[in-house]
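Colleague: Respectively, the protein sequence lines represent chains A and B.
Residue numbering for the first sequence follows the numbering used here, beginning at 1 and increasing consecutively.
Residue numbering for the second sequence follows the numbering used here, beginning at 1 and increasing consecutively.
Calculated directly from the structure, the hints in this document are not laboratory data.
For clarity, every value in this text was computed on a predicted model and none was experimentally measured.
All C-beta atoms, glycine included, are put in the ideal place defined by N, C-alpha and C.
Accuracy of the hints is not assured; some may be wrong.
[Stated by the list, open to error] Across the chosen pairs, the derived CB separations fall in these ranges:
#, chain 1, residue 1, chain 2, residue 2, range
1, A, S170, B, A243, 42 to 48 Å
2, A, T227, B, D216, 54 to 60 Å
3, A, T227, B, A231, 46 to 52 Å
4, B, G224, A, Q504, 56 to 62 Å
5, B, L233, A, L201, 53 to 59 Å
6, B, A120, A, T71, 15 to 21 Å
7, B, A243, A, Q504, 43 to 49 Å
8, A, R285, B, A243, 47 to 53 Å
9, A, A260, B, A243, 54 to 60 Å
10, B, L233, A, A183, 55 to 61 Å
11, B, D208, A, T219, 27 to 33 Å
12, B, D93, A, G94, 30 to 36 Å
13, A, R499, B, P145, 35 to 41 Å
14, B, P145, A, A28, 39 to 45 Å
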Amino acid sequence: MIRRESLGDGVLLLALAAPGPVNALTRALNVAFAQAVEDALANAAVQAVVVGSDRDGFAAGGDLDELRRCTGPSEVLDVVAPMLRAMRRMETGGKRFVAALNGTALGGGLELALACHARLAAERADARFGLPESTLGLMPGAGGTQRLPRLVGLRVAGDLMLGGRPIDASAARAAGIVDALVAPGALLDAAKACALQGDALRPWDRKGFEVPAGDPQSTAGRRYLATAWAAARARRGAPDPAATAILSALHHGLERGIDAGLAIETREFARLATSEAARNTIRARFYGPRALAAAERAAPPPAPPARVALAGDGPLADAIAAALLRAGVPALRERDAPTGDPPIGDAGGCDLAVVALSAAADDLAQHLAWAIGRCAPDAPIVCTGAMAAIATLAATSAEAARAAGLHGVQAPSEAVHVEVARGAATSPQAVEAARWLARALGVVPLAVGDGPGGFANRVLGALLAEALTLVAEGVPVPMVENLARAAGFAQGPLALVARIGPAQVARRLDALATAARDARSGSAARAARDARGGRARRDGAGVRTRRRRPAPRRPVARGHARAAGRPGRRRAARGRGRGARLGFSGRARRPARGGRHRGRRRVRRDLRPAARGLRSALRGAAGAARDGCRGPPLPRGLNRRGDGRARGVGLGAAPDAAAPPLSPPRGRRRAAGRASRACRSAGAHGTPPGRGSARRAPASAATRAS
Amino acid sequence: MPIPPPFPAPMASRSDAYLLDAVRTPRGRGRPDGGLHTLSPVELGAIVLRALDARTGFAAAGPEDVVFGVGDPVYDQGADLARSAVLLAGMPDTIPGSVVTRFCSSGLDALNLAAARIAAGQADLMVAGGVEMMSLIPIAATGGPNGSDARFNDVALNTPLGQAADLLATLDGHTREDVDRYALESQARAARAWREARFARSIVPVHDANGRLLLDRDEHPRPGTDLASLAKLPPAFEAAGRAAHDAIALQRYPALPGVRHVHTGGNSSGLVDGAAALLVGTAEAAARLGLRPRARVLSFANAATDPCLMLTAPAEATRRCVARAGIALHEVDLVECNEAFASVVLHFMSETGIGHDRVNVNGGAIALGHPIGATGAILVGTLLDELERHGARYGVATLCVGLGMAVATAIERLDGPRA
């Protein structure tokens, strides 16, 4: 674990030599290192010590597995205590310890180096130094929160720990984390020379020590702590336990001596490491991705096909063709041989059919037919890019058994994971073929069950459907957004709807509604689609810029059925073509009516009041997310009732059940294109008194349809 | 030679606490060019105590305690400024002193403490007042967990004062014009009050040790203010809000799309230096001094609310205070509600239904300035003078306080020959 070597002149080298390519500070290593330190301090022949590494890097972090096994703070203390004691012994033992950083030192590795009297680093371009524990929801637990700020000041140390991003060697030198940069070959000699010069006292063990560049009780220090807390809290949308723990250890630890500070750090670390939040973060950011990649590596690699028939056109097909080229597999593209059936014996021999559709193209059947025609009878088929579920494929062709879906491929490929969707009847060969294609694209395949749009879309669809339904029911748009962010979503669902585009969202929710007979998705889809519909728009001068298309007349009864969220009947009735049977929303490809309705969607009469304003509300939400509410819409008072007198109750808490649900004002709006219209029209803040806007129940389809 | 005070006689368990007199210094600008900047806080305290003694002779009667409100009792304002001021003023060293601090309402808390001791029969004469020199000791110099303690911030959200004001404006729907109009009115009323010498009874001009006049009127007001000049000022709290605090406020108030920043230096309270002192005692103590009680301290109350929004408690404190006094809100003739920010008073007026004709009739802190520890006592003196000028009866002084508190005190002017 620790290799001892004499460098001459009484200098002992302790080289970290943990098993494996990286020195991780496991408990075994910590105990061995502590013992080595004691031996060196007791050995009269040793004047000074150089701490080095036999691996490519110096040392990186602690052992997360050990931490994960701890069930309570006392067990965490058991894990870290040996190294903490050893570090303090290094500092106070009377002999000088110098760290020879031959490479990357992260987390606990850097903390070990900080406990040495001096640090020399090799001038390597790929060496990184940092305390990245906060990226996993943890904090430095081996003295980093106490030693680093006492060396380089509160601000530099705080930024490094809160940001978690490692820095390179020259930046570390400039910040004062590393004392000197040395050529890699001369590192040990320089470290030996440094070990023989200078005394064996740390600055904070000297009398009259003051924390450099502002202690926490100075104005600058307090301002830094307050600003850092606020930035972390604003970024996170909720209390950030790791940032709070780090700032606590900095604030309270730096007001005291080093030993009290280390005790405070250990207390914060033990509390954080056993917290639910940290466990979840570590699982999501570390163990999850690692297990996924390991499982994929462990699985036997699928056999590559000899030749691929690639149907479809567009950027997705191009990306797949490029991947096939990289993999050295010849591909026959549909656009090169689009028509006519070549003799089977001639161009046959493709043993994988890939159908790659772009979003707009939807004649899956035609591409499928072409691809099948080029392949051997039992060749697997991989469909990607299509919204159609593999199950619907089964309705049309017997080839369902050899078809697998690949969802989530983007061109250019940004995804890390794609989904391999298999239906009930899908053969293993099809799944293997899809896995091979995923690997060729450089992404990790996940096996999921079949469904429209893919697993990710189903998950996302549930979220967006809920958000849209909330708005349609009258919950203010900002409330949905802010509460979603407070719950931990990186951005609000309605901003996401605006970004994806209400039309696209509506299509996906339609597909979900059809497949899952999910009323909620269906009504949410309508809300999204209607938001995109042809509302009259006015520019700043109040001039209409787009004409409103009148809605077709429909019997009231059917409108009620739709409002009740039963989507199937209408779609199944219309669209006799293959597209309809494949489950595609018939509306997208209905033949355009004549005149000014050519090619455009029609707007239905039975609009919900809030949904009508959803488009501008979405614009407002996206705009607010973009520029942080410059001059935001002014509510005319959450508390104002009737006579304009404010209610006292309700300001003390977030507007809650005491405030009745707000629905949007109807009728006349002010002509100017102010952003305020967005939130007002979505009923954000209540109706100003005297505007004559009565509150309506959301389900007013009957009234609106007339 | 100091006259020893009479041995306190046993008292009834409850006595009325009477306001016997009120003095205050003019408020100097809270900047290095301010008129009072060259004095020290203990000197300022001594000046106001000597002025009160010159008018009432309380020092010879031996008050039980001198209680000063000091918002940031640190550095030169630290270590029991009241006792230090008593000694520096050359008063009998048999007079103790103590300091009470509750941020902006410290002066009113000092009065409440004095009145409570008298009403409880544990004192018959007290001095209550306040001192603050914001040109010397910056606001929030005391430190404390708010801001630097991350765990505390997670609970209380560490909303800066101006951010809370803008949040209140957003929730209540106050526009920039609303708050600027209020500020304009405050300036106009303050100018009128000075023009008509409405403060003449209470203001004591401040001289230095050589007798040179340092200040004899409030320095902060800008009489020539108009809406246009107010509109030109940039929102003072927008940068901090954009950086982080708007997002944090939305976590607490998720129905808001954002925070509208309307407060500027022109419609927020001014940072100034100032001091005030009030003499409070029983009827017997007043008689011994030959003073006619000017008012009775009827009641006082506290209230507290959400520390993120912070500025909405004065209405509740006022309601409790008048209820305790046994009167109704509509019977209150005059209210002094500290103008920490324009939104505070706008919200107070709409919540209590007390109109601007009864609130801050002589202007307020926007025009005149807000020396944190002293303002409470200053407001009571202003209130008393105006009640006497009108011949009105009931008055309430109230202030909002950081971390979501408020204090209110109700006084009743006593009939008698007008001053």
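Colleague: Look at each hint and say if it fits the structure.
Modeller: Status of the hints after comparison with the structure:
no.: 1; hint: A:S170 x B:A243: 42 to 48 Å; result: violated, 30 Å
no.: 2; hint: A:T227 x B:D216: 54 to 60 Å; result: violated, 42 Å
no.: 3; hint: A:T227 x B:A231: 46 to 52 Å; result: violated, 30 Å
no.: 4; hint: B:G224 x A:Q504: 56 to 62 Å; result: holds, 58 Å
no.: 5; hint: B:L233 x A:L201: 53 to 59 Å; result: holds, 55 Å
no.: 6; hint: B:A120 x A:T71: 15 to 21 Å; result: violated, 55 Å
no.: 7; hint: B:A243 x A:Q504: 43 to 49 Å; result: violated, 34 Å
no.: 8; hint: A:R285 x B:A243: 47 to 53 Å; result: violated, 27 Å
no.: 9; hint: A:A260 x B:A243: 54 to 60 Å; result: violated, 33 Å
no.: 10; hint: B:L233 x A:A183: 55 to 61 Å; result: holds, 59 Å
no.: 11; hint: B:D208 x A:T219: 27 to 33 Å; result: holds, 30 Å
no.: 12; hint: B:D93 x A:G94: 30 to 36 Å; result: violated, 56 Å
no.: 13; hint: A:R499 x B:P145: 35 to 41 Å; result: holds, 40 Å
no.: 14; hint: B:P145 x A:A28: 39 to 45 Å; result: holds, 41 Å
Checked against the numbered hints above, the structure breaks hints 1, 2, 3, 6, 7, 8, 9 and 12 and satisfies the rest.
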